[in-house]
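Chains as they are written, first to last, in the working numbering: chain B, 1 to 271; chain D, 1 to 351.
These are calculated hints, taken from the structure and not from any lab test.
Glycine included, every Cβ here is placed at the ideal spot set by N, Cα and C.
Keep in mind that a hint or two might mislead.
[Stated by the list, open to error] Simulated crosslink set (DMTMM-like; lysine to aspartate or glutamate; CA at most 25 Å straight-line):
no., chain 1, residue 1, chain 2, residue 2
1, D, LYS68, B, GLU66
2, D, LYS260, B, ASP86
3, B, LYS96, D, GLU309
4, B, LYS31, D, GLU71
5, D, LYS329, D, ASP211
6, B, LYS83, D, GLU71
7, D, LYS260, B, ASP265
8, B, LYS264, D, GLU309
9, D, LYS260, B, GLU77
[What the hints assert, rightly or not] Label pairs and their in silico Cβ distance ranges:
no., chain 1, residue 1, chain 2, residue 2, range
10, D, GLY143, B, GLU129, 51 to 61 Å
11, B, PRO99, D, SER76, 32 to 42 Å
12, B, LYS135, D, GLY143, 30 to 40 Å
13, B, ALA196, D, LEU293, 36 to 46 Å
14, D, ASN215, B, ILE131, 42 to 52 Å
15, B, GLU2, D, GLU228, 40 to 50 Å
16, D, GLU228, B, GLY182, 31 to 41 Å
[What the hints assert, rightly or not] Sample of chain B residues facing chain D (criterion: CB under 10 Å; computed from the structure):
no., residue
17, GLY47
18, ASN60
19, LEU70
20, GLY73
21, GLY89
22, ILE145
23, GLU148
24, ILE207
25, ARG232
26, ARG233
27, GLY237
28, CYS244
29, GLY247
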Amino acid sequence: MENPYFPLPAVIKDVIEETPTIKTLVLRPEKPIAFKAGQFMQLTAPGLGEAPFTPSSSPNVAERMEISILRAGRVTEALHEMKPGDAVGLRGPFGKGYPLDKLKGAEVLVVGGGVGLAPLRSLLLALFEDIGKYKRVSVKYGAKIPAELLFHRLFDEWRKIDKVDMEVTVDAGDDAWQGRVGLVTTLLKDLDLNIAQSYAVSCGPAIMLKFVTFELLHEGYKPEQIYLSMNRRMSCGTGKCGRCNVGPYYLCKDGPDMNYALIKDYPNVFA
Amino acid sequence: MTTCFISDSNLGSLLDALAEAGPVLTNRPAADSDYATYAPHEKGAAFEYTGIRPTESLKGLLFPEREKVAEYPATSPEAPEPPAPPAVVGAANCDLKALASLDAVFLSDDFRDGFYAHRRQELFVITQDCTNPRPTCACTYLGFKPYPEEGFDLNLSQVEGGYVVEAGSEKGRELIEGHSDLIRESTKEMLAERDSKRLATLKAVEEINKDYVINASRRELLAAGDVEPPWTAEVSKCVECAACLFACPTCHCFLLYDQKSGETNERIKAWDACSYAGYSRMAGGGTPRAFLLERFRHRYMHKFDYFVENYGFEMCSGCGRCIEACTGKIDMRKLFKALESSEAAPAPESG
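So that you can see chain D by itself, here it is in the shape it has in the complex (with noise of 0.2 Å):
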């Protein structure tokens, strides 16, 4: 693909005009902690490279926590458009496979969900190379690399001076074509200074994920059952928070509910998590997954065998916000591990 050079300087200059057509969430260190997280550029402000992902996923501008979906009774059944989401500088890659999960759920043609849609279509995402994982991150656990390739309008990989800027739709080519004045052509050392920031970048992550390295696929590892060992040693440290399902930017479980506002009724979406007791409590008796171990598997079952089913890949990104955000300090890593080395592991198969 094309690519150009954007020195540190314009890029704040670019990031001001693209400003002027609606807000702009930038990737930036977090002013009270070493994490890196989302807000609002301000004109004049330089982009502070974090080379990491947010603390924030896409999901909550796609899918907010809460919406209010339709008011009833009322004279048509159709929807106003939501809102366009701001756009978004500083995504990683693992936010954009993300995406891959929600966008087979919500963009489905039957009862075609527009309120994911709309916003969907509309999201204009410039996403970074990483270069400064953590110990939680896991892309290449899930075989995605920590740059992107694919799936974003513009693209930013950190080189001497600036940025190498490839452009990945219309709408980034656009962008960029509407300010060339901006961009100077990328040389072959900047592409190469990149090349070698990704592979060392890779190998980081590799490195970080080699004690998790398995040999049966994951979906293989769940289907050999109820193993007690490894699942109740973690399921012991789970307090069922749901900050793992909350922060995961490919759950996508919601429970619509009704309320009396004034004379008129609301329906609101919500962000609702499997873990929780009442998720599937029925009246009348009959709840699934009364137990929490039962609940706790479920989650790894729905991510990692039935969406595999479904859908043909894992419902995971390797983001590794689950690890971070656990109060119980549960790593699914290190649970595939432990159910590779359990007794009723798999044989690993020949060649």
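Next comes chain B alone, as it looks inside the complex (with noise of 0.2 Å):
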């Protein structure tokens, strides 16, 4: 019988070390695996166990997935050990993945913190690749120091885009910055967007997304204007096993990108 438990087998083409505490993995899933932006999958470190990750390559690419790896604990450190050739599992894709029906005509903030730009990145590369039916892009990261700016090699090749501004910020530099220094929320002060016509996608620590959301909410944002990319715990993926709750919501089934006025009363919502 069908089983949902079981993870179809992915081998790792390559590691990439993109920043001193995250790693990208590149797999070859036994079989391509269709997802759309947003969506996550399992990831199994073989008999140690899963995590859930949002795959930030382009979903148009089914035979090379990327998945951008925080080393966190236990399951994330054991990925971090794995080298190309060898075998992990893979399971999914779940949740609903990114409104991009919604963003259609609409000025679409995106702010990430950290190795919240990895998910964003597959948001990112859906909008550019269909950019004449979004108003506008406005890239908003942050991260702790230089050296962990996700994908920093990609950020000029971004703004070089029709319609795309980016906007980077650190919490603390170095010698060789020159950038801005200050969180992320720093960037959200005196928005030059039209906010009546913007929505906002957010993805990074549990504390960041919730003064990014105080911030928007402050500058004019409805809560039906933000979606979150909440972070649960997760294990079944699939609905049943009821840990990844938020309210009466699963965030893999329902989520993970969740919109702000649904969710904004239940209790535990920025844990």
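Using the hints, put the two standalone chains together into the complex.
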């Protein structure tokens, strides 16, 4: 019988050291896996366990899946030790993905923190591939220190795309850093977007999501204009094991990108 | 529905016949306490009617405490079908009502869980009317009756000399028709005896629960928020043993974990409990429900608010196992009553 808990085999083709704490695994699944931007996979470190990750690559390239991983605990530690040729497992895709239809014709504000730029990259690639459909894409990104700016080699390439602008900041600079210093929320003050025609999509640590949300509401965004990439521990990925809920919503089924208006009154939204 | 009558001794013979096809669990008095429990039917044994639900629910037969759900790497992603569960005799109506919650979660079309679905399809259940409710019984509090009217293969209602038997499914009908020598027609007197016993039990459970009756819905009472006195008074008694969650026939949280096994890897699906601090703990921080009060409240929110939002009914059968099992003697009926009496309670709707 069909088994929703079986991890499909995938081989690591390449390991890219992005930052001191983040590595990208380039995977080749045994069979190509079709996914929508923003849907996530449960990645298995064999014999150890699974953890949820949103691929950062384009959904239009199904045989090659890039997953960027921050070293944070047991499973991610094991994934960081892996080398090209090693086998991993994949289950998914799960979740609803980014609400691209909602974003059409809008000024899209994308706010990322740290490794949060990894899932957002799949959103950005989807937006860039179809840029005619969106009024504007404005990216605000922050990391703790310059060395932790994920995908920094791509920023200038993105800035060249028509209707795309990007501002970057770090919490603390270093001797070489010439750019802005300050939390990513500082990039949200006095936004030059047409807020009434804008949607915001944010991904990063829970504490960042909390203050980004407050700042956006302060700037005039309504709750229904804000999408948050929520973080929760996950297990089954299919809405059955009970773990990843925010109120009645299961992030694995209804998210992980949740419209803030739907979840704002439930307990522990920002954990 | 059509009924018939089976005598006490013929019921024993019917169970013997059922046991030829596979293991049969029967509800009988426990050897060392005044609880009822399931144990395997032995050939020639009489059925010892308890009139009350057993300690064990049907959950463990459909969704085992721990089972291996995958071995990898493997040549095929398919899994073998799990073995059929034993036939069950003597489950109560609350046990049937609880199945609706598990079915809603595990039988959903997307990512169908065959480990549950296959067992559920193969389950053969003979239920019984309750006649012997306990102070913890709360079926009427949830709007259910202490006797089954649907959802069973066969139901037994104890009457003089034996049982009125009702067939509720094709499989139940087939068993009866295949052993027509063991049954007789049921008489008007028998049905009247069954009905009067049912009414008496219904009234008894209502009497047990009369001090707990609330006017607002449980969902409304929970929406009133984190009202301090009722919640903090109850949570102070909670020791996070999770007995309520494991004993509960509708609770279904589980954890998938992997382990190495010789040259291969195994994925195990095991019961988990939302009351545990580590249940939703995340590497890198940001654990929701870090405080016990939040986890304590979440159980009620899930059962009486979120589940209602998602499936349209409460995730509770009123079986009372949680009240019976609780180390701290926490009783949800008392909690809801206290929430209603507290200052933040919503005004009851008129009409």
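(request) List in ascending order the numbers of the hints, as given earlier, that are violated by the structure. (result) Those not satisfied are hints 1, 7, 12, 14, 18, 22, 23.
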